[in-house]
Every structure is written in structure tokens, then in C-alpha cells.
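From just these sequences and the hints, can you work out the full model?
Take any residue in the sequence shown, note its place counting from 1, add 5, and you have its number in the numbering used here.
Some hints here could point you the wrong way.
Claimed, not checked - Derived DEER-like restraints, expressed as beta-carbon distance ranges: (1) Gln57 to Asp91: 12 to 20 Å; (2) Ala34 to Glu117: 18 to 26 Å; (3) Glu100 to His14: 35 to 43 Å; (4) Glu117 to Ala60: 24 to 32 Å; (5) Ala50 to Arg125: 35 to 43 Å.
No lab work stands behind these hints: they were computed from the structure.
Quick caveat, the model's predicted, so the values are computed rather than measured.
Where a beta carbon is used, it is the ideal one built from N, C-alpha and C, also for glycine.
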Amino acid sequence: MTDDLPVEHLVDLDQAAAQISSRRPQWTATGLVVGPLTWRDGAAAWPQQLEQSRAQVEDPDSVGVHVTGPGDSELLVVVFRGGWADVDFLASLAEEVVSEAPDVGSARSFGELLDGYVSRAFGQAPALSCRRRTISEIQVGANGEVHPGEVG
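As C-alpha cells, then:
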């Protein structure tokens, strides 16, 4: 019997990386420091090195990110193509690191998982999808108060 059994590819890691990247602007806008994506190559010889460039990885088996925030809070999330994630975080003023290994069924569910862990680690609500209004959609009242116009 061998320990080198193939791992099922349940999570598209390029799409999971896109979930991280799409959240980066919101995270940095709220003061979080978001490190580079790190990739591990399943085809590389042991010990496998983490790469910051996707182009350096022939057969990705994980992608991760390290996020730091105020009060020594930090979050490290690594998702594996086999359908799970390794998550470690230290919330601000906490005394213990929380380590969890949730199942991940898709890149989309990984994005939802990210939102939950950012909230737990940094006390921030997940970013809401919103549309910016144009100047013509904003009305200013007689007393100078700003009122959003009706948007269709």
C-alpha cells in the first residue's frame, strides 16, 4: 500500500485565488495588511516550497494568504484542492490561536468561508456588494443635506 494516493481535485484553486484577490481591496481599505498569495506545487519534490507566482507552479495543490490587522490580530488561510482549508487566526486581544480545518466544496464556498474568518479574526463584517452612484443620482436638499436619488 502506498501513501501517494491521488487527491481529488474538488476546488479550483485559480478560482479560489480569485476569491482572495477580489476581497483584497476591501480588506486593505479597512486597514488590514494582506500578504501575497502563496502556492504549493503538488508536482514539486519534497519539501515543497511556497511560491508567490502562479506561473512557477505546475500542479497547484494549495493556495493561501496571510492577513494581519490591529492589535496583533492575524489570519492565515490555506485552501487545498482536495476540499478542505487550514485556518489559523488570532483575534485582537485574544490569548489563543484558533486552528480549524473546515471542508470546502467550491471556490464560491471558500469565498464565504473567507468572509466569516475575516469577521471572526478582525471583527469586520464581510464586504457588501454595492454600486457607486453618479453625481446625477444624488440630490442635495435646500438645507444642504444629501439624499440619494432613486436608482432603477
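Comparing the hints with the structure gives:
Taking the beta carbon of each, Gln57 and Asp91 are about 18 Å apart, inside 12 to 20 Å as hinted. Between Ala34 and Glu117 the beta carbons are some 20 Å apart, a value that agrees with the proposed interval 18 to 26 Å. For Glu100 paired with His14, a C-beta distance near 38 Å keeps the hint of 35 to 43 Å intact. Separation of Glu117 from Ala60 is about 28 Å and conforms to the stated range, judged on CB atoms against 24 to 32 Å.
For Ala50 and Arg125, the Cβ-Cβ distance of about 36 Å falls inside the hinted range of 35 to 43 Å, so the restraint holds.
In summary, the structure agrees with every hint in the numbered list given earlier.
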